[in-house]
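Visitor: Sequence:
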Amino acid sequence: MCNCHPQLQKLGRYISALHCPTRWEIIDFIGEGSKSTKEIYEFLTERGMRLTSSGLYYHLSELNRADIIEVSEYREKGGGAPEKVWKLKTKQIVINLLDSEVTDHEKRN
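Numbering follows numbering that gives the first Met the number 0, with no gaps: position 78 of the sequence shown is 77.
Watch out, some of these pointers could steer you wrong.
Unchecked claim - With a straight-line Cα cutoff of 20 Å, these simulated EDC-like cross-link-like pairs (lysine to aspartate or glutamate) come out:
1) Lys83 - Glu24
2) Lys9 - Asp66
3) Lys34 - Glu69
4) Lys90 - Glu75
5) Lys88 - Glu24
6) Lys88 - Asp27
7) Lys86 - Asp66
8) Lys83 - Glu69
9) Lys34 - Glu75
10) Lys37 - Asp27
11) Lys88 - Glu45
12) Lys9 - Glu82
13) Lys9 - Glu75
14) Lys34 - Asp66
15) Lys88 - Asp66
16) Lys76 - Glu38
17) Lys9 - Glu31
18) Lys9 - Glu38
19) Lys37 - Glu75
20) Lys76 - Asp27
21) Lys90 - Asp66
22) Lys76 - Glu31
23) Lys86 - Glu41
24) Lys83 - Glu31
25) Lys76 - Glu24
26) Lys9 - Glu72
27) Lys37 - Glu72
28) Lys34 - Glu82
29) Lys90 - Glu45
30) Lys37 - Glu82
31) Lys37 - Glu69
32) Lys86 - Glu38
33) Lys90 - Asp27
34) Lys9 - Glu41
Claimed, not checked - DEER-style ranges, computed between Cβ atoms:
35) Val93 - Glu31: 31 to 41 Å
36) Arg46 - Ile14: 37 to 47 Å
37) Gly54 - Lys88: 39 to 49 Å
38) Leu50 - Lys86: 29 to 39 Å
39) Glu41 - Cys3: 16 to 26 Å
40) Arg64 - Asn95: 38 to 48 Å
In case anyone wonders, no lab produced these hints; they're calculated from the structure.
All C-beta atoms, glycine included, are put in the ideal place defined by N, C-alpha and C.
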């Protein structure tokens, strides 16, 4: 972890998570609702993206780590592990250049 200003650290997390066009596709697809991992995978493959399940989980975990998406529920799939359903946690990114206060959430991350 760098000794950067907390706002710069926050901005860096967003940049790291949003540098990839696939992640923007995921965000757009989830939109105002919620989508299961399977729905996201099918959407991306229908758009011609070649993606493995582990590749999709990597993108989802990076968006989750940046607090852009979160798991909203788990769906039972009939005997197997429950499927994650994702929703947007952040719909707008605002960086206040004059805000020097660090929230509890930022201190933990």
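Visitor: Indicate, hint by hint, whether the structure satisfies it.
Guide: Going down the list of hints, with the structure as the test:
1. Of the pairs offered as hints, the one joining Lys83 and Glu24 holds, with about 18 Å between alpha carbons and a cut-off of 20 Å not exceeded.
2. For the given pair, Lys9 sits about 10 Å from Asp66 by alpha-carbon distance, which is consistent with the 20 Å threshold.
3. For a cut-off of 20 Å, the pair hint linking Lys34 to Glu69 stands: about 11 Å separates their Cα positions.
4. Only pairs whose Cα atoms come within 20 Å are accepted, and Lys90 paired with Glu75 is rejected, the gap being roughly 27 Å.
5. Only pairs whose Cα atoms come within 20 Å are accepted, and Lys88 paired with Glu24 is accepted, the gap being roughly 16 Å.
6. A C-alpha spacing of about 13 Å is found between Lys88 and Asp27, which places the hinted pair at or below 20 Å, so the restraint holds.
7. This hinted pair checks out: Lys86 and Asp66 have alpha carbons roughly 11 Å apart, not beyond 20 Å.
8. With a C-alpha separation of about 9 Å, the suggested pair Lys83 and Glu69 falls inside the 20 Å cut-off, and the hint holds.
9. This hinted pair checks out: Lys34 and Glu75 have alpha carbons roughly 14 Å apart, not beyond 20 Å.
10. At most 20 Å may separate the alpha-carbon atoms for a hinted pair to count; Lys37 and Asp27 meet this at roughly 16 Å.
11. Of the supplied pair hints, the one linking Lys88 and Glu45 is violated, its CA atoms being roughly 25 Å apart against a limit of 20 Å.
12. Proximity of Lys9 to Glu82 is assessed by CA-CA distance (about 29 Å); at most 20 Å being required, the pair is judged violated.
13. With a C-alpha separation of about 35 Å, the suggested pairing of Lys9 with Glu75 is violated against the 20 Å cut-off.
14. For the given pair, Lys34 sits about 16 Å from Asp66 by alpha-carbon distance, which is consistent with the 20 Å threshold.
15. With a CA separation close to 6 Å, the supplied pair Lys88 and Asp66 stays within the 20 Å bound.
16. Simply put, Lys76 and Glu38 have alpha-carbon atoms about 13 Å apart, close enough for the 20 Å limit, and the pair holds.
17. Taken as a hint, the Lys9 and Glu31 pair is broken in the structure, with Cα atoms around 23 Å apart against an allowance of 20 Å.
18. Taking the CA atoms of Lys9 and Glu38, the gap is near 29 Å; set against the 20 Å cutoff, the hint is violated.
19. Proximity of Lys37 to Glu75 is assessed by CA-CA distance (about 12 Å); at most 20 Å being required, the pair is judged to hold.
20. A hinted pair counts as satisfied when its Cα atoms are at most 20 Å apart, and Lys76 with Asp27 does not qualify at roughly 25 Å.
21. Straight-line distance between C-alpha atoms of Lys90 and Asp66 comes to about 10 Å, which keeps the hinted pair within the 20 Å bound.
22. Distance restraint check for Lys76 and Glu31: the Cα-Cα separation of roughly 24 Å exceeds the 20 Å cut-off, and the hinted pair is therefore not satisfied.
23. Straight-line distance between C-alpha atoms of Lys86 and Glu41 comes to about 16 Å, which keeps the hinted pair within the 20 Å bound.
24. Restraint check for Lys83 and Glu31: satisfied, since their Cα atoms lie roughly 17 Å apart, inside the 20 Å limit.
25. Simply put, Lys76 and Glu24 have alpha-carbon atoms about 25 Å apart, too far for the 20 Å limit, and the pair is violated.
26. In summary, the hint linking Lys9 to Glu72 is not supported, as the alpha carbons are separated by about 26 Å, beyond the 20 Å threshold.
27. Taken as a hint, the Lys37 and Glu72 pair is honoured in the structure, with Cα atoms around 14 Å apart against an allowance of 20 Å.
28. For the hint linking Lys34 to Glu82, the alpha-carbon distance of about 10 Å falls within 20 Å, and the restraint holds.
29. The straight-line distance between the Cα atoms of Lys90 and Glu45 is roughly 25 Å, outside the 20 Å bound, and the hint therefore fails.
30. Of the supplied pair hints, the one linking Lys37 and Glu82 holds, its CA atoms being roughly 8 Å apart against a limit of 20 Å.
31. Simply put, Lys37 and Glu69 have alpha-carbon atoms about 15 Å apart, close enough for the 20 Å limit, and the pair holds.
32. Distance check on the hinted pair: Lys86 and Glu38 sit about 12 Å apart at the alpha-carbon level, within 20 Å; holds.
33. Distance check on the hinted pair: Lys90 and Asp27 sit about 10 Å apart at the alpha-carbon level, within 20 Å; holds.
34. Straight-line distance between C-alpha atoms of Lys9 and Glu41 comes to about 31 Å, which puts the hinted pair past the 20 Å bound.
35. With their beta carbons about 19 Å apart, Val93 and Glu31 fall outside the hinted range of 31 to 41 Å.
36. The hint said 37 to 47 Å for the Cβ distance between Arg46 and Ile14, and at roughly 24 Å that hint is violated.
37. At about 22 Å, the CB distance of Gly54 to Lys88 disagrees with the hint of 39 to 49 Å.
38. Taking the beta carbon of each, Leu50 and Lys86 are about 20 Å apart, not inside 29 to 39 Å as hinted.
39. For the pair Glu41 and Cys3, the supplied restraint of 16 to 26 Å is violated, since their beta-carbon distance comes to about 39 Å.
40. At roughly 22 Å, the beta-carbon separation of Arg64 and Asn95 lies outside the given 38 to 48 Å, and the hint is violated.
When the structure is compared with the earlier hints, violations turn up for hints 4, 11, 12, 13, 17, 18, 20, 22, 25, 26, 29, 34, 35, 36, 37, 38, 39 and 40 and for no others.
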